[in-house]
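Number of protein chains: 2
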Amino acid sequence: MSDEVDVPEDHPRYQSLVTRHRIEAGVEKGITSMQGLIAEGRGEAFDYLLGEETIPSADRAARAAAAHFLLGDHPVISVNGNVAALVPEEVVELAEVTGADIEVNLFGRTEERVRAIADHLREHGAGEVKGLTADARIPGLSHERAKVDADGIYDADVVLVPLEDGDRAEALGEMGKKEVVVDLNPLSRSAQVATVPIIDNILRALPNVMRHARDLSGASRTELEAIVAEFDREAALDAAEQRLREGAVADDE
Amino acid sequence: MSDEVDVPEDHPRYQSLVTRHRIEAGVEKGITSMQGLIAEGRGEAFDYLLGEETIPSADRAARAAAAHFLLGDHPVISVNGNVAALVPEEVVELAEVTGADIEVNLFGRTEERVRAIADHLREHGAGEVKGLTADARIPGLSHERAKVDADGIYDADVVLVPLEDGDRAEALGEMGKKEVVVDLNPLSRSAQVATVPIIDNILRALPNVMRHARDLSGASRTELEAIVAEFDREAALDAAEQRLREGAVADDE
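Those protein sequences? They're chains L and U, same order as listed.
For what it's worth, the UniProt record's numbering labels the leading residue of the first sequence as 1, then goes sequentially.
For what it's worth, the UniProt record's numbering labels the leading residue of the second sequence as 1, then goes sequentially.
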């Protein structure tokens, strides 16, 4: 990756250093907002309490998410500034593996930022990037927050909304869409309303969903439906909260 | 306050909205850094888990901090970008009540930011603001991180270091100074090395230290020394961690 940090992968703080570097580059490129920086900090705190690793329930959620994406008629990956800054290549690869659309969708929408993010994704290999037309509206949200593409998120039956705000996560759910949410706070409204909440760092979660999607690429519809049916969202949220409360920090003090 | 947000004080999200507004104003004035925004987000997450209130052990810590400041020969309040953005008036008032110096001390030091922060504090009523001379060094830190004023932090016997980074908190402790740390993460290195760790939001902690300082202004040296001796830092850290793990979030779900 062109804007990669020069840190050896076995460095104990590798992930944290890469994250900081990508976020800084995102600020320089105009794709990470002030609210995005604050959100990054909130994520860091929750990840710290989770032990900075993918817990088993998050891995099960990632597998269920992959099954939903493979079963969907029209899966879409919703991308905001932090997602674009942190995992641009992963978004592009996941879209390729699952046949999903990519749509830029911002909480603090400006045409300039939408364009900068779309450019950034194309630099990382994306073909079509939606979100610029903005010719449809999610019902129940204020004008700017509601803007989506008619042939993108508006039409999707499965949406991956990583790091989404609660209002929109709720509004998309009310449209009857299956929602896969990536969020480090199991108590956040986005996580609480998701069909599949993945309580994990997006840097670990997206590659993990992709790994499962590749693994399940030859699976039958019946097999995929069984994975979806078996996934217990309440149990996943409870397991994450328990880990947060009792978890890894106390162990490695 | 001139840059105050227009939100009624009884609004349920008053504190959060004021915080966001002050941080945004800080960015516009060039006093809040990118790292400061990420740190603000980490603080928000920990405060959320603490229940966004001053827990009893944090109130005891604030009282011990006030006693240390009143007992000190040369107390200094160290101010970084987030502290200046969030609680400028409170810093000035606390300095007045306790006879402390104010010194700007930055992790990401630039002359421009030091000057902008000093100006911001003066706009909020500060007299002398130290940190611009930078003619002494804290031993054991790299050049830029080590810069302090010879007649300020270098000479202090008690230092309030709110939102400090771990390396400097440790180095200041090794100089034999009494350190009062305000930090929302009881497991952070700064909190762990502090003489008095106040595990609380700085917006609540500084007014609280000031209230105790006013309350104790007539106390004898013996009374102040008793308060300092009674304060149990390990118990305060444990209580905060327990609250974080088991606390308010589960209760108000």
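To be clear, the hints were calculated from the coordinates, so they are not data collected in a lab.
Hints are supplied without guarantee of correctness; some may be wrong.
[Said to hold, decoys possible] Each computed EDC-like pair below joins lysine to aspartate or glutamate, with the alpha-carbon atoms no more than 20 Å apart:
(1) 29(L) to 89(U)
(2) 29(U) to 157(L)
(3) 147(U) to 128(U)
(4) 29(U) to 174(U)
(5) 147(L) to 157(L)
(6) 29(U) to 89(U)
[What the hints assert, rightly or not] Quick list of the computed label-pair ranges, beta carbon to beta carbon:
(7) 56(U) to 238(L): 49 to 57 Å
(8) 238(U) to 108(L): 56 to 64 Å
(9) 246(L) to 141(U): 31 to 39 Å
[Said to hold, decoys possible] Away from chain L, derived, C-beta distances all over 12 Å, residues of chain U:
(10) 46
(11) 55
(12) 136
(13) 228
(14) 245
(15) 246
For every residue, glycine included, the Cβ atom is placed at its ideal position computed from N, Cα and C.
Checking a non-interface call: every C-beta of chain L should be farther than 12 Å from the C-beta of residue 228(U). Is that right? 27 Å, holds
Hey, does residue 246(U) actually stay past 12 Å from chain L on C-beta? 6 Å, violated
Is the Cβ of residue 245(U) more than 12 Å away from each Cβ in chain L? Residue 245(U) is in fact no farther than 12 Å from some Cβ atom of chain L, at 5 Å.
Within a Cα-Cα threshold of 20 Å, do residue 147(L) and residue 157(L) meet the stated pairing? 17 Å, holds
Does the hinted range 49 to 57 Å hold for residue 56(U) and residue 238(L) at CB? 29 Å, violated
Please work out if residue 147(U) and residue 128(U) have their alpha carbons no farther apart than 20 Å. Holds: residue 147(U) and residue 128(U) sit about 18 Å apart, inside 20 Å.
Please settle this one: residue 55(U) was flagged as non-interface, so is its CB more than 12 Å from every CB on chain L? 16 Å, holds
Within 20 Å, alpha carbon to alpha carbon, are residue 29(U) and residue 174(U)? 34 Å, violated
Keeping to a limit of 20 Å between CA atoms, is the pair of residue 29(L) and residue 89(U) held or broken? 35 Å, violated
Would the non-interface assignment of residue 136(U) survive a Cβ cutoff of 12 Å against chain L? Fine: 30 Å to the nearest Cβ keeps residue 136(U) off the interface.
Given the proposed pairing of residue 29(U) with residue 89(U), does the C-alpha separation stay at or below 20 Å? 16 Å, holds
Is it correct that the beta-carbon of residue 46(U) has no partner in chain L closer than or equal to 12 Å? 6 Å, violated
Of the numbered hints given earlier, the model fails hints 1, 2, 4, 7, 8, 10, 14 and 15; all others are met.
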